[in-house]
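Undergrad: Sequence:
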Amino acid sequence: MKALPITFCFFLFFILTNTTFSVCIGICRENEQQALESLKKEVYDPSNFLSSWIVGKDCCEWEGVVCHNLTRHVIELQIGNDVYGPNLVKINNLEWLPSLLNLEYLGIYSVDLSNATNWLQVINMLPSLVDLHLYRCRLHYIPPLLHHNFSSLETLDLSRNNFSSSIPKWVFNLPSLVSLDLSHSNLIGPFPEGPVNFTSLTVFRASGNSFNCLLPRWLFDLNNLEYLELGSSGIEGAIPSEARNITKLKNLDLSSNNLNSTIPNWLYRCKDLESLRLYRNNIEGIVSNAISNLSSIKSIDLSKNMFSGKLPNVIGKLSKLRSFSLSENLFEGEVFELFNSRSNFLPAGLRNSSSLAELILKNNKLTGTLPESLSQLPVLEIIDISNNRLEGVVTESHFTNWTQLRHFFASNNNLTLKVSQKWIPPFQAIRIQIGGWNIGPLFPMWLQTQKNIERVDISNGGIQGEVPTWFWNLSSQIEYLDLSHNRFFGVVPTISTPYILLMLLGSNNFSGPLPQVSPHLFELDLSNNSFSGGLSHFLCETNKNGSYMLEILNLEGNDLSGEIPDCWMNWLMLSVLNLGDNNLIGGIPRSMEVLSNLNSLDFRRNRLTGPLPSSLAKCRGLLKLDLAENEFVGQVPPWLGMKFSDLIILSLSSNKFYGELPPEICHLKDLQILDLANNSFFGTIPRCISNLTAMVAGDKLGEADIEYVSFDFGEIVRESAMVTTKGNNYQYDKTLAFVSSMDMSSNNLSGDIPISFTSLVRLRFCNFSKNHLTGTIPNGIGDMKVLESLDLSKNQLSGQIPQSISSLSTLSFLNMSYNNLSGKIPVGTQLQSFNSSSFQGNELCGLPLLANCSSGGQNPDVDTEKDDSDEDELDWFYIAMSIGFGLSFWGVCSCLLFKRSWRYAYYRFLDSCWEFLCVKIQIWGWI
Numbered sequence: 001m002k003a004l005p006i007t008f009c010f011f012l013f014f015i016l017t018n019t020t021f022s023v024c025i026g027i028c029r030e031n032e033q034q035a036l037e038s039l040k041k042e043v044y045d046p047s048n049f050l051s052s053w054i055v056g057k058d059c060c061e062w063e064g065v066v067c068h069n070l071t072r073h074v075i076e077l078q079i080g081n082d083v084y085g086p087n088l089v090k091i092n093n094l095e096w097l098p099s100l101l102n103l104e105y106l107g108i109y110s111v112d113l114s115n116a117t118n119w120l121q122v123i124n125m126l127p128s129l130v131d132l133h134l135y136r137c138r139l140h141y142i143p144p145l146l147h148h149n150f151s152s153l154e155t156l157d158l159s160r161n162n163f164s165s166s167i168p169k170w171v172f173n174l175p176s177l178v179s180l181d182l183s184h185s186n187l188i189g190p191f192p193e194g195p196v197n198f199t200s201l202t203v204f205r206a207s208g209n210s211f212n213c214l215l216p217r218w219l220f221d222l223n224n225l226e227y228l229e230l231g232s233s234g235i236e237g238a239i240p241s242e243a244r245n246i247t248k249l250k251n252l253d254l255s256s257n258n259l260n261s262t263i264p265n266w267l268y269r270c271k272d273l274e275s276l277r278l279y280r281n282n283i284e285g286i287v288s289n290a291i292s293n294l295s296s297i298k299s300i301d302l303s304k305n306m307f308s309g310k311l312p313n314v315i316g317k318l319s320k321l322r323s324f325s326l327s328e329n330l331f332e333g334e335v336f337e338l339f340n341s342r343s344n345f346l347p348a349g350l351r352n353s354s355s356l357a358e359l360i361l362k363n364n365k366l367t368g369t370l371p372e373s374l375s376q377l378p379v380l381e382i383i384d385i386s387n388n389r390l391e392g393v394v395t396e397s398h399f400t401n402w403t404q405l406r407h408f409f410a411s412n413n414n415l416t417l418k419v420s421q422k423w424i425p426p427f428q429a430i431r432i433q434i435g436g437w438n439i440g441p442l443f444p445m446w447l448q449t450q451k452n453i454e455r456v457d458i459s460n461g462g463i464q465g466e467v468p469t470w471f472w473n474l475s476s477q478i479e480y481l482d483l484s485h486n487r488f489f490g491v492v493p494t495i496s497t498p499y500i501l502l503m504l505l506g507s508n509n510f511s512g513p514l515p516q517v518s519p520h521l522f523e524l525d526l527s528n529n530s531f532s533g534g535l536s537h538f539l540c541e542t543n544k545n546g547s548y549m550l551e552i553l554n555l556e557g558n559d560l561s562g563e564i565p566d567c568w569m570n571w572l573m574l575s576v577l578n579l580g581d582n583n584l585i586g587g588i589p590r591s592m593e594v595l596s597n598l599n600s601l602d603f604r605r606n607r608l609t610g611p612l613p614s615s616l617a618k619c620r621g622l623l624k625l626d627l628a629e630n631e632f633v634g635q636v637p638p639w640l641g642m643k644f645s646d647l648i649i650l651s652l653s654s655n656k657f658y659g660e661l662p663p664e665i666c667h668l669k670d671l672q673i674l675d676l677a678n679n680s681f682f683g684t685i686p687r688c689i690s691n692l693t694a695m696v697a698g699d700k701l702g703e704a705d706i707e708y709v710s711f712d713f714g715e716i717v718r719e720s721a722m723v724t725t726k727g728n729n730y731q732y733d734k735t736l737a738f739v740s741s742m743d744m745s746s747n748n749l750s751g752d753i754p755i756s757f758t759s760l761v762r763l764r765f766c767n768f769s770k771n772h773l774t775g776t777i778p779n780g781i782g783d784m785k786v787l788e789s790l791d792l793s794k795n796q797l798s799g800q801i802p803q804s805i806s807s808l809s810t811l812s813f814l815n816m817s818y819n820n821l822s823g824k825i826p827v828g829t830q831l832q833s834f835n836s837s838s839f840q841g842n843e844l845c846g847l848p849l850l851a852n853c854s855s856g857g858q859n860p861d862v863d864t865e866k867d868d869s870d871e872d873e874l875d876w877f878y879i880a881m882s883i884g885f886g887l888s889f890w891g892v893c894s895c896l897l898f899k900r901s902w903r904y905a906y907y908r909f910l911d912s913c914w915e916f917l918c919v920k921i922q923i924w925g926w927i
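Numbering-wise, UniProt numbering puts 676 at position 676 of the sequence shown, and it's gapless, one number per residue.
A hint or two may mislead.
Here are the simulated lysine to aspartate or glutamate pairs, EDC-like style, with alpha carbons at most 20 Å apart [said to hold, decoys possible]: (1) Lys-656 to Glu-629; (2) Lys-298 to Glu-381; (3) Lys-770 to Asp-783.
Derived by calculation from the structure, the hints in this document are not laboratory data.
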C-alpha cells in the first residue's frame, strides 16, 4: 500500500515534467503559422529562399523565422536583404498585410520594402512595432513616419541606405527608442537642434556620413547613453567641455573627423568606458593624469592627432588595458616616464600587470633607450615602437620573459641588437620587423629558431656576406621578406614555394642571373644589385603553365642586357614595372598592350630604340611614363595625350624625338611633371598649355603622393620621379605630391613664350633654355607665386625683364643669360641676390651686374614697367594709322574701279590739274 503513493508521485512528476517540457518546446502558434503560410503565397521569391516553409511543418523551424523561446510567438522575420548577396524576398504590395498583422509580436527585421510603392502605409499600420530594421534597403529618403503611433518602438535601424538628406526631426522624438543606427547612409547636413526626446536611448550609431557640423550638446546630456559612434562623419570643432549626465558611456568613437579641441575633463569621469577611439583628428594638448579614472578601459586609440608632452605614469593603473595606440602624435622626450629606465620602465600598476597584451607607441618622437624592464611584461604579445628616435643597445635581457611575444614592430629607430650568435629567443614570433637597427655584420643566426615566422624585416641592418642556405629554406613559410639595403652578395636561388608573397632584396650586391620566382609572388624588388644576363629566362620560361600574380616588379639599377622579351601575356596583374638603368636594347614589345592594370612604366637610362608603338596606347591606366635617356625616335603620337588621361609624370628627355609638339598633349589635365628636354622638337610651345590644370589650379597638388599598396601587408610602394632643376638632378619620392615641373630645354623650339604660360601658377620648376625662343618675357610671370627655378638662358628673348618678376619670393634659381634682353634689372629682394652670371650675355644694367644704368644713358629712376606700356601705346598708334591709310586708299580705288562716271570725272580732274601746272611752269620760266 505504501508503494502506490510512491508510484503515483513518480507518475505525476513524469506527467508534470513532460508537460512543462512540451510547453517549452511547443510548436509555432496556430494562427501565426497560418499567417505565415498565407504570406508565402503572396510574396515574390526568385531565389527560392522560402523553400523551407513547408505547410504542416513547425514554422519556428522555417528559415528566417525566429520564435520566442517560451511563448513560441513569432518575434522576428528575417526574409530581406542578404548582407553579402542579392535581395532574397521582395514584398511588393499590400496583399500580404492581413497576414502580417496577425503576427502581433513581430518586429520587422531586414524586410526589403524598397520596391514597394506603398510600403510606408504598411509600416504605419503596424503601431505596435518594437524593432524596425530597414538596413541595406536602398532607401533614398527617410519616411515621415507617424511617430505618435510608434510609442513602443525600441530599435530603429536605417543604416546602409542612400538618403542624401538631413535627419528629420521626428527621428529624435521617439520616447521608447533604445537603439538608433543611421550609419553609412549618406546623411548630410547638421543634426537637428534640441530638445530631443531620447530618455531611453542607449545606442546611437551614425558613422560614415557627412554631417559637417559641430557635435550637438544635447547628445552629451543623454544619461542612459552607452554606445556613441560617429566616426568618419565630418564632425568639426570641439568636443563639448561640459557633459552633465553622460556617465554610463562604454564605447566612444569619434575617429576620423576634424575635431580640434583637447580631451574634456568629463570624459575621464566615465568609469564604465571600455573603448575610446579618437584617432585621425586634430586633438591637441596633453593626456591628463585623470586618465587613471578609466578603470574599465580595454582599448585606447589616440593615434594620428596632435597630442604632445609626456604621458603620465598613472597609465600603469589601467589594469584592464589590452590595446593602446598613440602613433603619429607629437609626444617627445625620453620615452616619457613610461619608458624611463631610471623609473624601472613602467609604473607599479602597469609593471606588475598580467593583462597588457598590446602596446603601440609608433610614429611619435620618443627618445632614450629601450629599458631592460620591458621584460617585466610577461604576457606581452604585440609591441609596436616603430618610427621613433630610440637609441642604445638592446640585449638578450630585454626579451627574458617575453615567452608570449608574437609580433615585434620596432623598425626605424637608432637601436643596436647585441646578442650572442648562439642566442635562442624565449619566444616563437610570427612577425619580426627591426629594419634600420644595427644588426650586423654577421647574419642573425637566431632567426633559425623561429619556426612560425611569417614576416621578417632586417633591412638596413649593416649585415654583410652570403645569406645562409637554411634561411632561403625558410621561404617555405615566410610570406614577407625584406633584406634590402644591406651588403649581401652571392646568387639568389630559385624561390618557387607557394608561400612567399613579398620579397624585397634591393640595394645589395647580389649577382648572377635573375632567380626564378613563385607565381604567387605579389611584389619583387631586386633593384640596385648586380644581376646580369637577359630577361627571357626570367619572364618567359619560369611559368609556362599559367599567369603570375605579380603586381610590382622592380629590376632597376642592374646589369641586365639584351632585348625586352615579347612574352608579357602571363604578367597581366602588373601595376608597377621598373626596368630602368640597365643595358637593354631593342624596342618596346607589342605584347605589353595586355598590361591593362599598369600604372607605372619606367625604362629610363637604357639603350632602347624605335618609335613609340601604338600598342602602348592600350595601357590607359598609366600614371607615370618614363622613357628618358634612351634612343627612341619619331614624333610624339597624338594618342599619348588622348589615351593617358590620368598621366601625372611624363619624361621623354634625352632621346631622338622630333617634330612639333602635338596639341593633344594639353589633354593631360593631371600632369605634374613634363620633361621633353634634349630632343629635336621644333615649332612653338602649344598655346593650350594652360589646360594642364594640375599646374594651374593645383586641386590635387600636394594632397597625396602616388602610392601603390601591395596585397594585404600594409606595404606601400611610393612612386618616385627624376627632375632636373637648378642645374642638378633630383629624385623626389616623399615630397613628389608637391612637385610640378616643366622642362623643354635643349630643343629647337621657336616663337614666343605664350601668355597662357603664366596661368601655370602652381608650377615650381621651369626650364626653356637652349632653344630659339623670341619675343618678350610675359609680364604676368609675377603671378607664378610658387616658382622656385626659372631657366630661360640661351634663347633670343628681347625687351626688358618684367618688373613683376621681383615679387617672386620663392625664386631660388634664375638664369636669363645669353639672350637679347635690355634695360634695368628690376629691383627686388630676390633678383639682386643672384650671381651676375644669371644675367650675362645681355644688354642689362643694374645690380647684380657692375654696369651702371645711368652711365649708359638710362635713367635709373624711370619705371621700366611704364616704359614698356608707353612703347606699347606707340606701337598701337602706328598700327592704327596704317590700318586707316589702307582703308582710305582701297576705298577710293574701289570707287574709281566700279563707278564709270566717277572714274571719268577723276581723269578730267587730273587733266585740268596737269594743264594748270604746265601753265604755271611756263610763267615761272618767263619770269
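Undergrad: Each of the hints needs a verdict: does it hold here or not?
TA: Evaluated hints:
1. For the proposed pair Lys-656 and Glu-629, the alpha carbon gap of about 10 Å is at most 20 Å, so the pair holds.
2. Restraint check for Lys-298 and Glu-381: the C-alpha separation of about 15 Å stays at or below 20 Å, so the hint holds.
3. Distance check on the hinted pair: Lys-770 and Asp-783 sit about 24 Å apart at the alpha-carbon level, beyond 20 Å; violated.
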